[in-house]
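Engineer: Okay, here's what each chain looks like letter by letter:
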Amino acid sequence: MIAANKMFRRTEPYILLAIIALSILIQIQSGQFYSGNNLVDLARSMIVPALFSAGCMMVIISGGIDVSFTAIGSLAMFITDKYLLSINYSGPVIVSYLMSAALGLLMGAINGFFIGILQLPTLVVTLGTASLFTGIMYGAFAASASDVPPAIAAHGKSILFTATNAQTGLSSNMPMQIFILVGVLLLVFFLLRYTMLGRGIYAIGGDENAAERAGFNVKGIKFFLYCFVGALAGITGIVRISMMAYADPSTMLGMELIVIAAVVLGGTRVTGGSGTLIGTLLGVLLMTILSNSLILIGISTYWSRVFTGSVIIIGTAVSAYRTKLKR
Amino acid sequence: MSLYVVEVCMSDVVLKATGIQKSFGGVHALKGVDLEIGHAEIHCLAGENGSGKSTLIKIISGVHPPDAGSIEFMGKKLSHLNPAEAIKLGIQVIYQDFSVFPNLTVMENLALNKELMENKKFINYRRAREIAAEAVAKIGFSIDLDERVENLSVADKQLIAISRALLQDAKLIIMDEPTSALTKKEVKSLFSVIKQLQAEGISILFVSHKLDEVFEISDRFTIIRSGELIASGSTKGLDRKKFIYYMTGREFSEEFYSRPPADNKPVLSVRNLTLKGVYSDISFDLYPNEILGITGLLGSGRTELAETLFGILQPDSGTIELKQKKVKIRTVQDAIENGIGYVPEDRLTQGLFLSQAINRNIVVSTLEKISSRIGVLNLPKFNETTEKWIRALSIVATNAALPVKTLSGGNQQKVVLARWLARDLSVLILNCPTMGVDIGAKYDIHALIRKLAAEGLAIILVSDDLPEVLACSSRIIVMREGRFVEEMNASETTEQMLSELTVGIA
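Residue numbers (the numbering used here), protein chains in the order written: chain C, 1 to 327; chain W, 1 to 506.
These are calculated hints, taken from the structure and not from any lab test. Fair warning: there could be bad hints in the mix.
[Stated by the list, open to error] If you want the footprint, here are the derived chain W segments under chain C, 3+ residues with CB under 8 Å:
| id | segment |
| --- | --- |
| 1 | 244-252 |
| 2 | 476-482 |
[Unchecked claim] Quick list of in silico lysine-lysine cross-link-like pairs, PhoX-like style, CA-CA up to 25 Å:
| id | chain 1 | residue 1 | chain 2 | residue 2 |
| --- | --- | --- | --- | --- |
| 3 | W | K236 | W | K265 |
| 4 | W | K242 | W | K210 |
| 5 | W | K114 | C | K219 |
| 6 | W | K171 | C | K219 |
| 7 | W | K326 | W | K265 |
| 8 | C | K219 | W | K58 |
| 9 | W | K265 | W | K328 |
| 10 | C | K219 | W | K236 |
| 11 | W | K138 | W | K114 |
| 12 | W | K236 | W | K188 |
| 13 | W | K58 | W | K114 |
| 14 | W | K195 | W | K88 |
| 15 | C | K219 | W | K88 |
| 16 | W | K276 | W | K195 |
| 17 | W | K171 | W | K114 |
[Stated by the list, open to error] Computed from the model, here is a short list of chain W residues facing chain C with C-beta under 10 Å:
| id | residue |
| --- | --- |
| 18 | F24 |
| 19 | V27 |
| 20 | S70 |
| 21 | K76 |
| 22 | K77 |
| 23 | L78 |
| 24 | L81 |
| 25 | P83 |
| 26 | I87 |
| 27 | G90 |
| 28 | F98 |
| 29 | F122 |
| 30 | R126 |
| 31 | E150 |
| 32 | L152 |
| 33 | L298 |
By construction, the Cβ of each residue, glycine as well, lies at the ideal position given by its N, Cα and C atoms.
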């Protein structure tokens with residue numbers, strides 16, 4: 001009984017119920033939701049937002065907010081792409097990941113320096129750096145859409161399996177990049193749950209003064225956090241262009257709002273200190289269903305934005321209200 | 001200033017600080033203070049806000065290095081002390097906010113500090129559970145280790161902070177105003193924990209300015225004022241009067257407030273007021289020049305009654321008459337228009353704009369009086385009004401344009417009062433007006449309340465501070481479980497009687 005009570009104090013069961021209800025509704029109306037190709041399609045569409053959301057969740061748990069990760073991801077992948085094209089690079093794809101991650105880490109370190117070391121407000125700093133990195137991309141590099149190096153293109157074509165819908169004949173491919181998502185999720189899970197560094201992120205989000213007094217290296221942890229999120233954004237950038245086989249500098253910009261909404265919808269407290277990966281993934285799944293699958297029941301993409309907006313407001317209001325009730 | 005008593009400690013000395021000096025910028029916070037704490041001794045450190053108490057604690061616990069003076073701990077001279085080292089030596093501070101992580105479980109709150117001290121990089125939950133179980137066992141306190149700390153009561157959070165300190169082999173535990181957020185019952189159980197720690201040979205430095213507690217718990221005391229040592233010795237030789245004198249450097253006497261005979265038409269008449277589940281069938285009259293004390297325990301409905309009269313809560317039934325006219329008070333705006341003012345319990349969050357200037361806070365609810373018809377502020381009038389109130393209430397401020405948060409608690413409370421007095425009030429409701437305020441400022445506020453009533457204001461004083469209710473009220477009503485249980489004249493009752501009535505023994 002007590003265990004059940006504790007479970008329903010969490011957000012995850014509610015969002016899971018919402019997802020099940022929505023999927024059944026779509027299934028009844030279209031008969032297409034629980035088809036192999038639709039599910040693969042959903043998983044495929046989740047990869048990039050889920051990668052971003054893992055980092056974004058860590059920042060929100062620490063009591064901060066980051067709106068610069070898509071700009072970091074875009075600039076890191078763009079420089080990597082341009083450079084590798086210019087030297088006619090033909091080696092393994094891992095190098096592009098490493099280079100983009102390193103660039104992302106460098107940009108994250110700028111956030112980390114201002115937020116961690118100089119203790120400036122996170123929203124202000126990341127708004128500034130987001131604009132800065134986007135500006136550099138379009139100004140200094142005169143970015144426009146371009147091809148990707150052969151290694152990335154080949155990586156994008158490697159497919160784990162294909163699901164075909166017998167009824168419609170449509171088929172969807174599960175890309176290899178799903179392994180990158182799984183790897184990142186495992187890493188973040190381990191980091192948050194089993195390392196003192198991860199517990200420190202929760203501790204800082206709970207009470208920064210108490211964390212300092214307990215002996216956590218608050219500045220160091222924050223600096224690490226923004227570097228980590230930067231590197232993760234760099235990796236996500238390459239995942240994105242490899243799946244599209246095309247490097248469009250604007251392809252990820254603006255996604256940050258959807259990602260933050262998914263994280264908050266998944267039960268991560270906006271004030272910091274609380275949040276789970278499962279909840280975040282469910283949040284991403286719900287957002288993806290809304291933007292991908294509503295079309296199956298004949299709702300136009302414009303309407304799906306209305307639904308997305310409503311779900312964000314209702315979802316965050318419900319979780320805010322439940323926190324208030326607990327007081 | 002001279003020393004009044006300084007007795008040397010008789011038992012083994014655990015901590016001996018001599019001639020501690022510390023300046024911040026140009027401010028001389030400590031001017032050569034001594035502090036001596038014996039083995040297994042409960043030592044009270046008392047002083048008003050700004051006396052240097054917290055600076056002294058921070059020096060002992062290694063947060064600040066002293067400018068001059070020496071510290072010996074367990075016979076060893078300490079130099080270049082830092083917080084981590086202080087903890088290793090066995091000096092633990094339990095801060096007023098307990099320094100717990102509200103979002104983490106009890107288990108993690110207990111285990112994390114120890115793991116950090118041992119420089120662990122990973123967390124082993126099985127080990128953490130063992131550590132936590134051991135910690136709570138030390139003070140024999142039972143709690144769900146998997147509960148999040150934010151769902152616990154203040155008292156439980158404090159016990160967690162105490163057991164966490166014990167985990168790291170504390171020899172001296174410094175408690176910074178540990179009772180400020182506790183109920184009477186919780187204070188009692190805290191005291192038994194402190195006695196138990198003492199029996200185990202741990203010394204306690206108990207920082208407080210609450211007289212009763214100091215007398216009840218401590219063996220010896222040290223009082224500092226304006227950064228200087230005033231007195232130190234056995235608590236046995238201390239009495240109330242001396243204690244207050246050492247703390248403030250002033251002598252106070254409080255006489256009862258007796259209402260001058262005046263107009264006998266009530267300003268406020270309340271009949272059969274009921275808010276289901278909170279209070280019921282409340283009826284009383286309030287006259288001009290009167291201070292009506294309403295007292296009761298937490299949860300007796302006293303605060304809710306006050307909030308109803310000010311329009312924050314809505315009664316289910318009953319009537320309110322103001323100057324013989326029936327009124328409905330549906331909103332705070334209604335209350336203010338009817339000349340009712342309210343100073344809430346938690347002035348810091350409910351009553352003041354802390355980061356705004358003192359003078360702006362004073363006039364914020366009377367802006368229309370000092371503005372032209374189209375709403376432009378008349379600056380000369382603004383300055384004149386604010387200066388008048390700062391003088392009238394003797395608010396001690398170097399500059400009226402400084403933010404309110406730079407003032408002491410007592411002066412902040414006066415700013416709240418000034419704001420109400422700037423309007424023409426007929427009824428002023430005060431809810432625990434001296435909570436967390438220094439003794440000196442407390443007497444000043446009491447004198448002010450009596451003066452306001454003598455000038456004609458009708459005041460309702462809601463408070464659980466019985467000496468305060470006795471000293472200020474002309475008539476007292478005791479509330480228990482949502483009902484008025486007794487009404488009496490202040491001159492005909494005692495603290496003992498009131499105390500028994502509030503809990504329901506009598």
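Engineer: All hints, please: hold or fail.
Structural biologist: Cross-check of the supplied hints:
1. 244-252: violated (count 0)
2. 476-482: Since 0 is below three, the answer is violated.
3. W:K236 - W:K265: Violated - the C-alpha atoms of K265 (chain W) and K236 (chain W) are around 50 Å apart, more than 25 Å.
4. W:K242 - W:K210: holds (14 Å)
5. W:K114 - C:K219: holds (20 Å)
6. W:K171 - C:K219: violated (30 Å)
7. W:K326 - W:K265: Given pair K326 (chain W), K265 (chain W) holds - Cα atoms ~14 Å apart, limit 25 Å.
8. C:K219 - W:K58: Since the Cα atoms of K219 (chain C) and K58 (chain W) sit roughly 22 Å apart, the hinted pair holds (cutoff 25 Å).
9. W:K265 - W:K328: holds (20 Å)
10. C:K219 - W:K236: violated (48 Å)
11. W:K138 - W:K114: The hint holds at about 15 Å.
12. W:K236 - W:K188: holds (20 Å)
13. W:K58 - W:K114: Holds, at about 21 Å.
14. W:K195 - W:K88: Measuring from Cα to Cα gives roughly 23 Å; hence the hint holds.
15. C:K219 - W:K88: holds (23 Å)
16. W:K276 - W:K195: At roughly 42 Å apart (the allowed maximum being 25 Å), K195 (chain W) and K276 (chain W) break the hint.
17. W:K171 - W:K114: OK: K171 (chain W) and K114 (chain W) at ~16 Å, within 25 Å.
18. F24: Violated - the Cβ of F24 (chain W) stays beyond 10 Å from chain C, reaching only about 19 Å at its closest.
19. V27: violated (23 Å)
20. S70: violated (25 Å)
21. K76: violated (23 Å)
22. K77: violated (25 Å)
23. L78: violated (19 Å)
24. L81: Nearest chain C Cβ about 15 Å off; hint violated.
25. P83: holds (7 Å)
26. I87: Nearest chain C Cβ about 8 Å off; hint holds.
27. G90: violated (16 Å)
28. F98: Hint on F98 (chain W): holds, closest Cβ of chain C at ~8 Å, below 10 Å.
29. F122: holds (5 Å)
30. R126: violated (12 Å)
31. E150: holds (8 Å)
32. L152: violated (12 Å)
33. L298: L298 (chain W) check fails; min Cβ-Cβ to chain C is 17 Å, beyond 10 Å.
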